[in-house]
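Number of protein chains: 2
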Amino acid sequence: MVPRGKPKRGQARLVKTPREFLAETVERNKTKPFRNKHLSATFLGTASATPTRKRGMPSIAIKYDDLLLWDCGEGCQMEMMRRRIGSGSVKAVFLTHLHLDHFLGVFGLVKTLGMARQRRIDIFAPDRFRKIMDAMEIDPSFFSTKEMEVGKLYSGDQYDVSAFRVKHRNIDSFGLVFKEQERTRIDTEKTGALGFSQQNYVDISTQGETIIGEKKIGIEEVLVCVKGRKIIYSGDTVYDERIAQIAEGADLLIHEATYTEEFADLAAKNGHSTARQAAEIARMAGAKKLVLTHFSRMCSNDVLEREAKELFENTLIAKDGMKVEVKQEKWA
Amino acid sequence: MVPRGKPKRGQARLVKTPREFLAETVERNKTKPFRNKHLSATFLGTASATPTRKRGMPSIAIKYDDLLLWDCGEGCQMEMMRRRIGSGSVKAVFLTHLHLDHFLGVFGLVKTLGMARQRRIDIFAPDRFRKIMDAMEIDPSFFSTKEMEVGKLYSGDQYDVSAFRVKHRNIDSFGLVFKEQERTRIDTEKTGALGFSQQNYVDISTQGETIIGEKKIGIEEVLVCVKGRKIIYSGDTVYDERIAQIAEGADLLIHEATYTEEFADLAAKNGHSTARQAAEIARMAGAKKLVLTHFSRMCSNDVLEREAKELFENTLIAKDGMKVEVKQEKWA
Numbered sequence: 001m002v003p004r005g006k007p008k009r010g011q012a013r014l015v016k017t018p019r020e021f022l023a024e025t026v027e028r029n030k031t032k033p034f035r036n037k038h039l040s041a042t043f044l045g046t047a048s049a050t051p052t053r054k055r056g057m058p059s060i061a062i063k064y065d066d067l068l069l070w071d072c073g074e075g076c077q078m079e080m081m082r083r084r085i086g087s088g089s090v091k092a093v094f095l096t097h098l099h100l101d102h103f104l105g106v107f108g109l110v111k112t113l114g115m116a117r118q119r120r121i122d123i124f125a126p127d128r129f130r131k132i133m134d135a136m137e138i139d140p141s142f143f144s145t146k147e148m149e150v151g152k153l154y155s156g157d158q159y160d161v162s163a164f165r166v167k168h169r170n171i172d173s174f175g176l177v178f179k180e181q182e183r184t185r186i187d188t189e190k191t192g193a194l195g196f197s198q199q200n201y202v203d204i205s206t207q208g209e210t211i212i213g214e215k216k217i218g219i220e221e222v223l224v225c226v227k228g229r230k231i232i233y234s235g236d237t238v239y240d241e242r243i244a245q246i247a248e249g250a251d252l253l254i255h256e257a258t259y260t261e262e263f264a265d266l267a268a269k270n271g272h273s274t275a276r277q278a279a280e281i282a283r284m285a286g287a288k289k290l291v292l293t294h295f296s297r298m299c300s301n302d303v304l305e306r307e308a309k310e311l312f313e314n315t316l317i318a319k320d321g322m323k324v325e326v327k328q329e330k331w332a
Numbered sequence: 001m002v003p004r005g006k007p008k009r010g011q012a013r014l015v016k017t018p019r020e021f022l023a024e025t026v027e028r029n030k031t032k033p034f035r036n037k038h039l040s041a042t043f044l045g046t047a048s049a050t051p052t053r054k055r056g057m058p059s060i061a062i063k064y065d066d067l068l069l070w071d072c073g074e075g076c077q078m079e080m081m082r083r084r085i086g087s088g089s090v091k092a093v094f095l096t097h098l099h100l101d102h103f104l105g106v107f108g109l110v111k112t113l114g115m116a117r118q119r120r121i122d123i124f125a126p127d128r129f130r131k132i133m134d135a136m137e138i139d140p141s142f143f144s145t146k147e148m149e150v151g152k153l154y155s156g157d158q159y160d161v162s163a164f165r166v167k168h169r170n171i172d173s174f175g176l177v178f179k180e181q182e183r184t185r186i187d188t189e190k191t192g193a194l195g196f197s198q199q200n201y202v203d204i205s206t207q208g209e210t211i212i213g214e215k216k217i218g219i220e221e222v223l224v225c226v227k228g229r230k231i232i233y234s235g236d237t238v239y240d241e242r243i244a245q246i247a248e249g250a251d252l253l254i255h256e257a258t259y260t261e262e263f264a265d266l267a268a269k270n271g272h273s274t275a276r277q278a279a280e281i282a283r284m285a286g287a288k289k290l291v292l293t294h295f296s297r298m299c300s301n302d303v304l305e306r307e308a309k310e311l312f313e314n315t316l317i318a319k320d321g322m323k324v325e326v327k328q329e330k331w332a
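If you're matching them up, the sequences are chains A and B in order. Taken in order, the first sequence gives residues 1 to 332; the numbers are from the working numbering. Taken in order, the second sequence gives residues 1 to 332; the numbers are from the working numbering.
Excised from the complex, chain A in its bound form (with noise of 0.2 Å):
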């Protein structure tokens, strides 16, 4: 079921190289300066299907300043109250797709957010999403809903998220990309090694180039790219190589894992994947972490990441409050 041939390279390359970075850029960060800020994913729910005593429904909250949460399953905010993450920040909801475990929680937190604040958030879900919301009769003032389709869905300061399709069942069902800006800065490495000058700072900065002796250094000469974090979440879908192309050098694939090798057959035909389907894309993609969630109470812990580790090491089985930092990386 899973391929063991080697990704094949270029096929699945969607980012761009650090050169092409560069020119795109440069003029970006002299007008508006880039913010360093912490991002991180915290799985408030890890089950599939139904709850456990130890694994609530699906939800994962990225935290990039705003908070966006990805799926909404039911008691999202209890769990979010009893994770000391506020959600008053709450920026927008994105709903995969419309299975009852993965969008119960979002009616209750709308009214809870709604009564403290008076303000709107985004729910992005596919389509049938807005007749569900218009039998439960919930103040519109409180929610603006869109409709979830392929590409950029919503844009924050530094970041987008962008949707892509996946196979699951026969329901419209979608992953979700973060994806965070590009940008350079000036590299005190190399501008320490040339003798830099406070004057050769300010030079550099506002005209693009700088003389140091009688040499003519140029910005980009001391330039390094900084990549934007990437963080993919499969949402609910059988084994798809398109998704190690669209994973491509993630820093986190969150990729469902609903079942090990021993249910493989189940996967297939409930559209879902097992551990060891998901370390595969996470190999293909050259993704920096895997992180599997969204569990079947069948499936043994143990067996799901011993599978998954076969073919990829850094692997995590997520767990109900468990929190990701993905770190900030220099790329020159």
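A few of these clues could be false.
[Unchecked claim] Straight-line alpha carbon distances no greater than 27 Å define the calculated DSSO-like cross-link-like pairs of lysine-lysine that follow:
#, chain 1, residue 1, chain 2, residue 2
1, B, Lys54, A, Lys63
2, B, Lys323, A, Lys91
3, A, Lys167, A, Lys319
4, A, Lys319, B, Lys54
5, B, Lys323, A, Lys54
6, A, Lys54, B, Lys91
7, B, Lys91, A, Lys323
8, B, Lys319, A, Lys131
9, B, Lys319, A, Lys54
10, B, Lys131, A, Lys146
11, B, Lys54, A, Lys54
What the hints contain is simulated information worked out from the structure, not anything from laboratory work.
Got chain A sorted already, so can you dock chain B onto it with the hints?
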């Protein structure tokens, strides 16, 4: 706001005299012996509107062999797991009104139960609920939706559940009554005093009379009435003396007490009650015990308790997970 006068006797009497019980229940007891069962109410969520760290959304589990849920707020199924209350024995869910905090848990519960056992549960709810269920597109083999209306709604083994109308804003809103069957049983104190032999027991049970010495003993002389236990739940309601009539002689009155007296105006405006008003209803009804629930986060437990106890001593402030046993009482 709370009238101080004594309850008008007679006006509110809805229960029968012991003599009336006796005549009615002798026959029934012969054909179907009554089984003694534990009866309890467990509070699964005790907040109003939005959850707090300590209080979840409204739901009360009434246990009498069968499990009945009165309201089913978000997270109800998780709370049942946490309290080790098996949801597998849930027979019916009664939704007092369609404010979000009182029904958002029902969808996940229905899904979980449906997946586990493929047996329907009954959901009693105000009319608009059908529209919500339709929008959710839950497998219709998992549940039956029935309209909540005044009068007897549901009959189980030795009990009935009925509904009465309450006033809560401008929404269809109901209170609920659990009523155990009335019955008689042979009182061994009486038969002992009369010197009953084994044959006397057989005779009186099968023929309705027996002879000791030269004296004919009718079954009425050795029977004792056992009054069916009664639990009343106010749902969300303004102060309403009609509830005291319906609750007359209740073993347990569960009354909402959203606010302390400080917020009495808000209670009236929002269609809710204060703890003191709930206590007044319990006093007028001659209830044996009062449990207050559905608290606003603005109000202190201590003040709620103090204000209620000034009028009705046997008052408890519900906590999440609190179980109140309703004991059998002999009434002869």
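Results for each hint:
1. Between Lys54 (chain B) and Lys63 (chain A) the alpha-carbon distance is near 25 Å, which keeps this suggested pair within the 27 Å criterion.
2. A C-alpha spacing of about 39 Å is found between Lys323 (chain B) and Lys91 (chain A), which places the hinted pair above 27 Å, so the restraint is violated.
3. In summary, the hint linking Lys167 (chain A) to Lys319 (chain A) is supported, as the alpha carbons are separated by about 25 Å, within the 27 Å threshold.
4. Restraint check for Lys319 (chain A) and Lys54 (chain B): satisfied, since their Cα atoms lie roughly 22 Å apart, inside the 27 Å limit.
5. Pair hint Lys323 (chain B) plus Lys54 (chain A) holds up; C-alpha atoms about 23 Å apart against a cutoff of 27 Å.
6. Note on Lys54 (chain A) and Lys91 (chain B): the hinted pairing holds, with a Cα-Cα distance of about 26 Å set against a maximum of 27 Å.
7. A threshold of 27 Å between alpha carbons decides the hint, and for Lys91 (chain B) with Lys323 (chain A) the separation of about 39 Å lies outside it, so the pair is violated.
8. A C-alpha spacing of about 36 Å is found between Lys319 (chain B) and Lys131 (chain A), which places the hinted pair above 27 Å, so the restraint is violated.
9. For a cut-off of 27 Å, the pair hint linking Lys319 (chain B) to Lys54 (chain A) stands: about 22 Å separates their Cα positions.
10. Simply put, Lys131 (chain B) and Lys146 (chain A) have alpha-carbon atoms about 22 Å apart, close enough for the 27 Å limit, and the pair holds.
11. Restraint check for Lys54 (chain B) and Lys54 (chain A): satisfied, since their Cα atoms lie roughly 18 Å apart, inside the 27 Å limit.
Hint check: violations occur at hints 2, 7, 8; the rest are consistent with the structure.
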